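Quick one: dock chain against chain with the hints and give me the complex.
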Amino acid sequence: MAATSRQREGFTMPELEYLAQSESVTIVPLHRMDRLELVRGTVGPFRPPQKTEVPLWLAVMLKRTNRCRIVAPEWLKYEHLRELCRREEQPDALFTKLPFHYLEIAHILLTHAEDDINESQGIRRLLQDLRESRQSKALRGVELLNPLQLQMDNLSAAEINEIRPLFKHTFDMLRQLEKLASTTEQSQQQSQFADQSYSELDDALGSSYPI
Amino acid sequence: MAKRNYYDIDDILAGQERVPCFLRTDLDGLGSAGSGGSSKVHRNTRWTLPYWMADRLNEEDYLDMQVSPVFSKQANRMYAASPESMQLRAICQHYYQFGLQLGEMVPDIPRVLYDMYMTRIQKIARIAQQGSNVEAMDFVQSLDRTEEHMLRLCQQSQNAITNWLQNKAYALRKAPVIDK
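Protein chains in written order, with full-length UniProt numbering: chain A, 1 to 211; chain B, 1 to 180.
Keep in mind that the hints were calculated from the coordinates and are not lab data.
Sample of chain A residues lacking proximity to chain B, with all beta carbon distances greater than 10 Å (derived):
#1 Gln21
#2 Pro91
#3 Leu155
Here are the simulated BS3-like cross-link-like pairs (lysine-lysine), alpha carbons at most 27 Å apart as the crow flies:
#4 A/Lys137 <-> A/Lys97
#5 A/Lys137 <-> B/Lys168
#6 A/Lys97 <-> A/Lys168
#7 A/Lys137 <-> A/Lys77
#8 A/Lys137 <-> A/Lys168
#9 A/Lys63 <-> B/Lys168
#10 A/Lys97 <-> A/Lys77
#11 A/Lys63 <-> A/Lys51
#12 B/Lys123 <-> A/Lys168
#13 B/Lys123 <-> A/Lys179
#14 A/Lys179 <-> B/Lys73
#15 B/Lys123 <-> A/Lys137
#16 A/Lys97 <-> A/Lys51
#17 B/Lys73 <-> B/Lys123
#18 A/Lys77 <-> A/Lys51
#19 A/Lys77 <-> A/Lys63
#20 A/Lys168 <-> A/Lys179
Derived DEER-like restraints, expressed as beta-carbon distance ranges:
#21 A/Glu89 <-> B/Arg126: 17 to 27 Å
#22 A/Asp129 <-> B/Arg111: 33 to 43 Å
#23 B/Pro107 <-> A/Lys77: 56 to 66 Å
#24 A/Asn146 <-> B/Arg152: 21 to 31 Å
#25 A/Asp92 <-> B/Thr48: 48 to 58 Å
#26 B/Met78 <-> A/Asp92: 28 to 38 Å
#27 B/Gln16 <-> A/Arg82: 52 to 62 Å
#28 B/Thr48 <-> A/Glu185: 22 to 32 Å
#29 A/Asp34 <-> B/Val177: 48 to 58 Å
#30 A/Arg47 <-> B/Gln155: 48 to 58 Å
#31 A/Arg8 <-> B/Lys73: 36 to 46 Å
#32 A/Arg40 <-> B/Gln16: 50 to 60 Å
#33 A/Arg8 <-> B/Asp61: 37 to 47 Å
#34 A/Gln128 <-> B/Pro107: 41 to 51 Å
Just so you know, these numbers come straight off a predicted model, no measurement behind them. Note that the Cβ used here is the ideal one computed from N, Cα and C, for glycine as well.
Isolated chain B, as found in the complex (with noise of 0.2 Å):
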């Protein structure tokens, strides 16, 4: 099973993510928590289930967990051939965080994110430096939540100083509390 991070908000709704199952006993009163209506859900029918549930219950012996499309061996290929313009938020929207827990079920894992990371983060970097464009617009909608948060972080340090030499850092502010 794989380790997770209690305080970290971003691991916890990773494991919201749906992961495909193949069912070996029958499991009563569980229909409700995957695509089925009836309550109860028979063996050998596949099923997708949130992975922290899929993850437990395949520890049991109660079903087989299959690997996530997102990380299909397919998926990972198109990934390789261009990693900028995957519209990653589309595909899953913890798409790092969800890659980071299913790590041990699928080797090629780390490589994979190791090389979407590397690739996007520079970009990421350059747009907080350069401001948007109508080319990085489309870029910024891609980005998936770890993602964001990190432009989000570069935009924040880079404008602290941009403020900071036009006098602006001191200004009484209203709290952002009152403002909405």
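So here's chain A without its partners, still in its complex pose (with noise of 0.2 Å):
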């Protein structure tokens, strides 16, 4: 199958919630379970109301048929969320740090076990001002592109995937442009050099190697 405009120009949301899934969360098992031999690793046994480290995708799974509880991450508490908001609003400030995949699985887990988060509406309402304000801040970095290197620290997967068209579009041109810069410099050395009479050459190498 052909790929189509936007799947050449990086991953799709779809694609990034599935890479996603195979981070892991904690949970808190209400059934006795064996451990699970997976292709991944084994996870369990599951023993209540011990807490048990599983991939997300099984946190889900369970979740959907009410074999567990999922422990919210440390990250995605409304206190947390809101004091990073207000350190990315300061000016000049860096991206703060959060994980890699975090706006896909906070958003798996509030599809899918909205009832195990506190303040679900409200971290709702924060992610949403706490992407948009990274996300004005990434596009502010193109007037840093340059034909070298750009860094941009803690950005995630889903950010760097919606900036990486316009980023990878623009370094190409810079590049190109930087190329022909040089190319026109040096002709242009060139053709000064060439522009010396050759006599006044013969004049300086013969004064300094006297044949």
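Shown next, in the form of structure tokens:
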């Protein structure tokens, strides 16, 4: 199948969501269960009310069948997010530290396990604010672009994916312009060199190297 | 001769832009390529030819290629004064691609293109983020092909996240071919 133009420019969001599902989360099982042998490794055994780490996709599956309660990660607490928002909105602040797949994990948890998260409405709002201020900040990075390198720490997968087409093509344009500038510079220098008459060159050489 | 990108359709189309030339020899049977009606073109006349042809003939010394008015000194000064208000689409549809091809003739071009691109791309990014308003509409009308493409890509990538957050990313849709 031919790739659509959207796919050629990076990942699609469902793809990123799929990748995020292998991140691990903590759950509290509600039923006793033996350990599960999975391709990625072994999880369990599940002994309520002992907390266990499982991949996100498994947590969602167990949650759907009502066999566990998902413990919201530290960074997904209302107070923590509010603090991040405050720091993010300060002028000249760098990107704050969040998990690489924070947007996807938050979305999955808020969709499938809303009842396990306190103040989920407030968290939704904060995430929205956070995303918007980070987005503006990332886009302001365009003016920092140069043909050599760019460093933006703590950007998440979805955010990188969002600015990828813009930055990629701008980078390419700058690289082409730089190449052009260096070739014209070279040819100018060469023509200057050629303008010097041969007799002058002979004199110069003759004086320094008497034969 | 400028290096061309064989696989880039925009690069090929940009080669269609006409440049003024000054003929050194009589050319027989080429009248229909330029503006003249007769089949013969005489030496020492001015003529405008598509860049891809002029470049080749220039190399073989049939004619002297001159700088296109799009990148004349006067035009470049005008661009530098107000990059954001230039009607690039009216000036030249493939402004950047054409500039890259002409680059070796005019040493100013890399700098002019750089200033132009960096100023305008920031505005494009802003418009893609904030959505369109009346002032933005005017600007969008003035984008050349390269910039238009960039604007579309920015909007697509931002809509991708919004749609996904609203659970629209999975819905089955009619293929664009059928939709016409």
